[in-house]
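*Asks:* Sequence:
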Amino acid sequence: MAHVNKVHSIQTIGLVARDLDKTEDEIADLALGMDREDGLIWVYSLEHEDGIMAFTMQGIENLETLIADQEIAKR
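Position 13 of the sequence shown, counted from 1, bears residue number 13 in the working numbering, the numbering being contiguous throughout.
One or more of the hints may lead you astray.
Ranges between beta-carbon positions, derived for each pair [stated by the list, open to error]: (1) A73 to V43: 18 to 24 Å; (2) T12 to G33: 16 to 22 Å; (3) D50 to A73: 17 to 23 Å; (4) H48 to R75: 34 to 40 Å; (5) D25 to E61: 18 to 24 Å; (6) L15 to D35: 16 to 22 Å; (7) Q58 to T23: 18 to 24 Å; (8) T12 to R75: 37 to 43 Å.
Keep in mind that the hints were calculated from the coordinates and are not lab data. Quick caveat: nothing in here was measured; it's all calculated off a predicted structure. Think of the CB as a built atom: it goes at the ideal place given N, C-alpha and C, for glycine as much as any other residue.
Construct all of the structure, not just a fragment, from the sequences and the given hints.
*Replies:* So this is what it looks like as structure tokens:
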């Protein structure tokens with residue numbers, strides 16, 4: 001049976017940072033330990049030959065959890 005990819009859309013790190021009210025650097029730092037199974041995808045293009053981080057919906061949910069955990073730890 002062929003593998004079926006269930007990801008139908010992704011958002012670049014810039015969009016995610018804007019929507020979560022964080023900087024791209026903050027999101028990149030949070031995503032350091034993430035991989036494909038966590039919803040992190042690298043996108044390559046003519047404009048981004050070195051790649052740019054992008055996230056599936058699951059990846060964005062994981063980032064939201066990491067942000068919440070970070071805020072709890074600050075208390």
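*Asks:* If a hint holds in the structure, say so; if it does not, say that too.
*Replies:* Taking the hints in turn, this is what the structure says about them:
1. Remark: the range hint 18 to 24 Å for A73 to V43 is contradicted by a beta-carbon distance near 30 Å.
2. Range check, T12 to G33: about 20 Å between beta-carbon atoms, so the 16 to 22 Å window is met.
3. At about 31 Å, the beta-carbon gap between D50 and A73 misses the expected band of 17 to 23 Å.
4. Between H48 and R75 the Cβ separation comes to about 37 Å, which falls inside the hinted range of 34 to 40 Å.
5. Between D25 and E61 the beta carbon distance is about 21 Å. The supplied range of 18 to 24 Å therefore holds.
6. Distance hint check: the CB atoms of L15 and D35 are about 20 Å apart, consistent with the given range 16 to 22 Å.
7. In this structure the supplied range 18 to 24 Å holds for Q58 paired with T23, their Cβ-Cβ distance being about 22 Å.
8. A C-beta distance of roughly 31 Å is found between T12 and R75, which places it outside the suggested range of 37 to 43 Å.
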